[in-house]
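Kindly generate the complete structure, drawing on both the sequences and the hints.
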Amino acid sequence: MSWGAQGRLLAVSLLVAAQFGAGPWAGKTARASAGATTSEPLVYASPVEILFSPDGGRLYVLCQQSGEVRVLDAATFKPMATVAVGNVPRGFALSPDGARLFVANSWDDSVSVIDTRSLQVTATWPVGAEPSALAADPAGKFLFVTNRISNDVAVLDAQTGTEEKRLAAGRGASYMTASADGSRLYVTHVYPILPAHGSALGNRTPPESEITVIDTARAVVADRIPLHSVAGVFHVAISADGRLGAVAELHPKNLVPLAHLEHGWAFEDTLTLFGADVGAQPIEIPLDELERYAARPFGIAITPDKSRLYVSNGGSEMVTAIDVSRLLRTVQARGQSFVEDLSASANYVVARIAVGHDPRGATLTPNGRRLFVANRLDDTISVIDTRTNRLAATIPLDGPKKISVLRYGEQTFYTARYSFQGQIGCANCHIDSTFDGLTWDLEPDGFGVDIVENKMLEGVKDLAPYKWNGANPNLPTECGPRTEKYFWRSESFDDLTLADLVLYIRSLQPRPNRWQSTDNQLSAAQERGKQIFERTQDNFGKPIPEENRCSYCHSGVQGTNRKLFDVGSKKPTDSSGLLKTPQLTNVALTAPYLHDGSAPTLEEIWTVNNPADKHGRTNDLTKNQLNDLIEYLRMR
Amino acid sequence: MTEGTRMRGFALALAVTAAAGTILAQPAAIGQKSPAAPATVRAANASTAKVSAAARALPHFRFENFTTANGLPDNHVFAVLVDGDRIWAGTENGLGLYENGRWKTYTPKDGLAHRAVLSLALDKRTGDVWAGTMAGLSRISAGRIDTYTQLNSGLSNDVVYGVSVEGENVWVATAAGACRLDLKTGQWSLYNERNTPMAEIWTYAVSAAPDKVYYGVWGSGLLEYDQKTGRWDKYDDPDGENEMVLFKDQGLIHEIVTSVSYVDKIVWAATYFGDSRYDGRYWHNFLTKDSGLPSNFTNFVKGVDANRAWFCTDKGLAYYDGANWAVYRPSLSTGKPEMTVRDAQGHVAAAPVTSAPAHNYILGIDFQGSDIWVATAKGLSHGIRQPSATQDRKEP
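Heads up: the sequence lines are chains C and F, in that order.
172 is the number of the first residue of the first sequence in the numbering used here; add one for each residue after it.
-12 is the number of the first residue of the second sequence in the numbering used here; add one for each residue after it.
You may find that some hints are simply not true.
[Said to hold, decoys possible] Only pairs whose alpha carbons sit at most 25 Å apart, straight line, appear in this in silico DSS-like list of lysine-lysine:
1. C/312 / F/221
2. C/656 / C/626
3. C/701 / C/785
4. C/794 / F/221
[Unchecked claim] To list a few chain C residues with every Cβ distance to chain F over 12 Å, as calculated:
5. 337
6. 396
7. 652
8. 705
Keep in mind that the hints were calculated from the coordinates and are not lab data.
Think of the CB as a built atom: it goes at the ideal place given N, C-alpha and C, for glycine as much as any other residue.
Written as structure tokens, this is what we have:
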């Protein structure tokens, strides 16, 4: 077992022990729930992506929780080897000759280089913040790496791993696909691009995303394909002839109350099509059908003959099969996006194929006869016959066969089965168990009332009360009645399922902070910022009242005293100005800020939204001091 | 002979060689460095006319001018930037992009920080363009515009007079000090009277290179940042006189520095009272009274290499090849196209031309191979390089 795997096992052990030893769930036992069969802390493979070797003989499976690449015989599916890589690998890619396999270790900020002959890691390259996907250019000169945290694509020397430059991509840059000839890369991002202005009342706008198109020979951004009203963009597929591109995405309807789930749907699960087959303008198409939703489209693949297009739907635990000819005829006839039409997908969706929990990466065999889908929360691979569009086989990966409490909680988190008509799940808004960068109108109290920004879930245990107004005393209330009533429009969690879901959420640890130095020493700017954070006098020597100091409300390791304060951010349509002090953990990642997202950047909390000094005494600060304060906050 | 004079000698010799040649070679790229000339040629003087052949061989251009009449967003052009075949024009009413024979205009509706674009810089590695405006700094990256202001970022002030990209850092000159944005970390560092020798914080220009970063400061001379040590140094007008020059060639010509260009480890600095060249040890000042500079009031300077530079003044565009000067402008008296040359001995002659930059008031220049693009107060001009020998033959 690798050090990483041991570490994770230990962490999970401690975590489970902690969960059941304290807190509102103390006294409950980790007994089998509706789905969990053990309270043991187990490490699963959790496959997320699949690749074939160039000769089609091997299947490489990227396993996220175990931190491995599993190598299977592509004919027999028998395990050939297991290669340990880094922490939370998220994407991998082969070199043009297939001799090297590059793995992006997202929590280690590294790339593992695997020699595919020896199946050994021959190098580990340090890279940018949260590397997520990789692609090599056809000439073998560059290796491109998406960095989710720094929102860019690093261009590395493919031989040495030396970073040459970074290209600006979308916020949360994550997934990347090369065109068939390798001349272009199509990069997506999971969080919407921050608006230029705050999204408080009066100027809330639909989210904007993009596909960043990279010229691989020049290693520059050649184009940006806008994705209007889209937030949460995942895999792209390009047809073999290069004429059709398709991207799997979420189209949130966050400007209207989420309670409207029962009237229509809060998320549209869509594809945006682009390329010569579509015309000059990209066209967004729905995957959903009334009462048959395709929740959380993620993986996507187009058969070599362009007859079929497949999309994995993580929340609906299925694969959507599309007849490309019929799709293109529909698109030509419509001439524009038609995501609002819930009857449209019947024109081109030819099958909805049930697979495992949280299906992710989808890969076709080179001849296009079979589709392989990685079921992340089942440790299985579904094999679909593309001629019949039926499940042909399910390949189990080695690993625990029991379902742990945390595993079941995670399955509950990622499925859409509990919501009204199976439309959405927790992971719709908490992408990869984080957040979505959006503001929402959650409750059935009228349009535009009590707009709230979505929060990061990592590290939320022991931060009760919950909700911005602190109305929910604990996570079971937050995740149970509140979620079911207001979000799901259903009440379908049983007690044990809810317990496991809560335990899973409590288990989410904050990802490494990328602004902290490895030796935990503060930079000069961070040190100056810390002094401002903790100061008791303003620049004029006047005492700052205790409740008006940063360090009073944002106290402790997580940066919150969990109490409610009025920081002057109340809008006329807010029920109350009293808001729970949010945690500061990884605050640099979680824009927009303030309870309603009215501050797109940390700076705007104080430069725009604190005229009366109610959100801390800050109006005496110089620009230098404000910058220092922000540098300190970013490393929290 | 100092290093500086040696280099100028090389350039002079090269120009003489070119003038004496019989082959009509394509002109050397304006933005490219001069090849070294053989030592035997260096001392040669092939000039037989009153104005040396070297001066007569200075680059000739046919100017094609762009105004709002043919698509330019606004006639008042603050800055121009060449990116291959694409030309960016920072105007008072939008950022213009000239590509494939057509103009496209970016405005605040597209996300640009402000309609008045004062400065431009190209990140050559990524192709991103940075635009300093009257209300913030914008990055234009394959059509997407991201804007940084003093409210939404660590930028010290929204009035961005200058911008320069070096490696992962964007250096910014604002009306309230200098800033550096680290593109990898997103960290802003501010430099002002608190942590540099900057007496005034009205930074007007910046030129960044891997070893040094230079800031032109309005009223506070020239600031130098050493990338290795992180230390700042300052160069002032040694005589401290605003109205006169007492100590010529002993330092910066004036405290009001409007533009700076650092190339080949040479600093070219422009002020409203003359210009300067600094090689790290020696200063050389340029004034109208003893150079070919058409005006001491210089808005912008751009060095080609250690010896050659272009000066954008209120009375025309000037080119200096290390010894000789050429001035391109509409005549101050008649408005007709005019080119004058001045050789190292001070002989001045007119060169026959049929076109000139759009206006005398020159605000910026950039190079496109052997061509130049010129920002003026009344239009953008494309100077298309003409074979110099042909021009010589036509010369009376």
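The hints, checked one at a time:
1. C/312 / F/221: violated, 43 Å
2. C/656 / C/626: With Cα atoms ~19 Å apart, residue 656 of chain C and residue 626 of chain C stay inside 25 Å; holds.
3. C/701 / C/785: holds, 20 Å
4. C/794 / F/221: holds, 23 Å
5. 337: violated, 7 Å
6. 396: violated, 10 Å
7. 652: At about 38 Å from chain F, residue 652 of chain C clears the 12 Å cut-off, so the statement holds.
8. 705: holds, 21 Å
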